[in-house]
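Peer 1: Be aware that the sequence shown starts at 22, since it is given in this note's numbering, and climbs by one per residue.
Be a bit skeptical, because a hint or two may be false.
As the list claims (entries may be wrong) - Computed Cβ-Cβ distance ranges for the label pairs, DEER-style: (1) V262 with P25: 49 to 55 Å; (2) A125 with D172: 22 to 28 Å; (3) I173 with T286: 24 to 30 Å; (4) P84 with Y183: 26 to 32 Å; (5) R284 with G55: 36 to 42 Å; (6) A252 with A272: 17 to 23 Å; (7) D199 with A273: 24 to 30 Å.
The hints are simulated quantities; they were obtained by calculation from the structure and are not laboratory data. It should be emphasised that the depicted structure is a prediction, and the values quoted were computed from it without experimental measurement. Just so you know, even glycine gets a beta-carbon here, dropped at the ideal spot from N, CA and C.
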Amino acid sequence: MRLPKVGYVVPETLEEASGFLREHAGQAMVVAGGTDVLVQLRRQAWRRERTALRWLVDISRIPGLSGVWTSAGTITIGALTVHEEVARNPVVRKGARLLSEACASVGSPQIRARGTLGGNIMNASPAADTIPALVALSARVRLADVGSTRDIFITDLFDGPYRNRALPGEVLTDVYFDALPPRSGCAFVKLGRREALAIARLSCAAVIERDDAGRVLRATIVPGACLPMPARVPSAEEILVGTIPDETVVAAAAREVAQEMVRKTGVRWSTDYKRPALEALARRAIWQALGVNVE
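All chains should be modelled from the sequences, with the hints used to inform the complete structure.
Peer 2: Encoded structure:
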């Protein structure tokens, strides 16, 4: 099977990349690791779909877009940082373990070695592993254009499944978030068809902060692969806040996560499977964020 014929450019600066993307708006796409873009091109070729794509813009040689930095309690990750590096980075593992866990669950070792965090974000797949974790961390992203940048919350980046709100010429350069405070716990759990090489059928990220007495001060719960766009579930979070969680409280919050999925997506053929599965997954994520391992 032949892929569509497209031009391939390799800019060496952000300005060069942004300028080319602006000039060829609607006909050019950024590529870095290629683990999503090339699959999309192959799928389009197999389906014989027409595409407006004429250029791939490889930003992998632009300096300064890879790595993990920390300053004043804020963790910044370059868009070209591969999943394997994020998963192993000690700063991320200490300050945002759920993102480390999410990156470690992506695809296969080969995909984690090539696929980038920025690509996973900009692809905007509802089943992306890293996005629920980043939403739970209240992460922001930085988008750069020629001579300017803008920073937005990651939830404001998405415009639906596989659609983002980046403007013509904008390139994602960084994602950043505050390291979790000392009395916080977090977790990312995922349900797939297999233990590895699996696209998430469902996932859930949770962050819970407690006081010295064990009472929940703040809770963030973000289900994945079950909503058109990633979103917190405030009604479930409110069940936890102000309590010293026990099985009754955690079960009620997990049940509310599943109910929110049904409210937002309606009843489908898969609801009889997904509702109890998501409830069990949310329960596991909450307990793990509380420091309790459950099956």
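Peer 1: If a hint holds in the structure, say so; if it does not, say that too.
Peer 2: Evaluated hints:
no., hint, in the structure
1, V262 with P25: 49 to 55 Å, "50 Å, holds"
2, A125 with D172: 22 to 28 Å, "27 Å, holds"
3, I173 with T286: 24 to 30 Å, "25 Å, holds"
4, P84 with Y183: 26 to 32 Å, "29 Å, holds"
5, R284 with G55: 36 to 42 Å, "37 Å, holds"
6, A252 with A272: 17 to 23 Å, "22 Å, holds"
7, D199 with A273: 24 to 30 Å, "28 Å, holds"
When the structure is compared with the earlier hints, no violation turns up for any of them.
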